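**Student:** Sequence:
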Amino acid sequence: MASISVENGTAVGEPRTVFRHRLSTRLWHWFNAVVVFVMLMSGLMIFNAHPRLYWGRYGANLDYAWLEIGATPTQGVLRVGAVTIPTTGVLGRWTDHNGNISTRAFPGWATIPTDYSLSAARRWHLAFAWLLVVPGLLYWLWSFANRHVQRDLAPTRDELKPRHVWHDIKDHARLRFPTGEAATRYNVLQKLAYVGVLFGLLPLLVLTGLAMSPGFNATWPWLLEVFGGRQSARSIHFLAMAGMAGFIVVHLLMVVLAGPINEVRSMITGRYRLPRPRGNTAAGDGA
Numbered sequence: 262m263a264s265i266s267v268e269n270g271t272a273v274g275e276p277r278t279v280f281r282h283r284l285s286t287r288l289w290h291w292f293n294a295v296v297v298f299v300m301l302m303s304g305l306m307i308f309n310a311h312p313r314l315y316w317g318r319y320g321a322n323l324d325y326a327w328l329e330i331g332a333t334p335t336q337g338v339l340r341v342g343a344v345t346i347p348t349t350g351v352l353g354r355w356t357d358h359n360g361n362i363s364t365r366a367f368p369g370w371a372t373i374p375t376d377y378s379l380s381a382a383r384r385w386h387l388a389f390a391w392l393l394v395v396p397g398l399l400y401w402l403w404s405f406a407n408r409h410v411q412r413d414l415a416p417t418r419d420e421l422k423p424r425h426v427w428h429d430i431k432d433h434a435r436l437r438f439p440t441g442e443a444a445t446r447y448n449v450l451q452k453l454a455y456v457g458v459l460f461g462l463l464p465l466l467v468l469t470g471l472a473m474s475p476g477f478n479a480t481w482p483w484l485l486e487v488f489g490g491r492q493s494a495r496s497i498h499f500l501a502m503a504g505m506a507g508f509i510v511v512h513l514l515m516v517v518l519a520g521p522i523n524e525v526r527s528m529i530t531g532r533y534r535l536p537r538p539r540g541n542t543a544a545g546d547g548a
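Using my numbering, read the sequence shown as starting at 262 and increasing by one per residue.
For the record, the hints were derived by calculation from the structure and aren't laboratory data.
A few of these clues could be false.
Claimed, not checked - Cβ pair distances, simulated, as ranges:
(1) W483 with L398: 14 to 24 Å
(2) F298 with L379: 15 to 25 Å
(3) P475 with H428: 42 to 52 Å
From a predicted model like this one, the values you see are computed outputs, not experimental measurements.
Glycine included, each C-beta is placed from N, C-alpha and C at the ideal position.
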C-alpha cells in the first residue's frame, strides 16, 4: 500500500477516492499471482509422483509416512498420522474428463500439466521458480528502499498488543470492514499476514526447494542439513505450500466480502473508493 493521496471528497469532507497502491506493488501482485498459481499446480503434479511425506533424511514406500494420499479399491483416502479421511472424488480416487477412474493423489484440474508428466511438471516448476525468486528479491530491496515495508507493513508496538489484535480478530469474524480513514491503511492482521508471506513462507519455499535440488546440494551441502535432511525439507516445502494456498483462499474470500469491484480496481488502477463512514467505524479490514 502506498502513501494515501485524496482525489475527491464527500459532502461532509470525508475523502472518497484515494490512491492506494504504488505501481510497483500492483505489478508485483499480478505477476506473482500468475507465478504462484503455476508453481502450486506444477508442484502438485510433482507430488503425485510420490504422494507420501516423511521426516528425516530418507523415505521410501516401506517407511512410515506422516502424510499419505492414496486409494483403496473403493475410495480415495488422505491419511495424516493415525487419522484417515475419505476423499473420494477429490483426492486419491477421482474421475477424469474422459470419465475414467484415476488413482493419482491430486486430480488433473488441479495440476500442471493435466495429464501425468513428472518431467513436464518439473520444467514448469523450475522455470517459474526463477520468475518468483529474481523479481521477488528485487521487490524486497525496492520495498525497503522506498520504505513500503517500514511505513505500510511493519506492525507498530501498539498494534501488536493482545487487546488490539483481539479487537481486529473480532471485527473480521463479524465481517465489519473499515470505512473512511480506517480503510486507507492495513490493519494488524493484514500486516502480520503479508509480512508472514513475504518474509516467512516465500523464503521458506525457496530455501527448501533449493535444499531438494541435487545441484545446490553439491554447492551448499549445509542447506540440506539445516532442514534435517531431504525428506524433512520436502515435508516443510509441502507445509509451506499449504500455508500459501490457505493465505490465497482467505485473501480471495476477504476481497469478495469487502467488495470485489472496488478491491480489484484498486489493485489495477491504484485508486480506491472509500466506503462512507458509519457510526463507530471498525478498525478491521478485508482483503
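**Student:** Now tell me if each hint is right for this structure.
**Tutor:** We went through each hint and held it up to the structure:
1. Hint check: W483 to L398, Cβ distance near 21 Å, so the stated range 14 to 24 Å holds.
2. At about 19 Å, the beta-carbon gap between F298 and L379 stays in the expected band of 15 to 25 Å.
3. Judged by the Cβ atoms, the range 42 to 52 Å given for P475 and H428 holds: they are separated by roughly 49 Å.
Against the hints set out earlier in the document, no violation occurs for any number.
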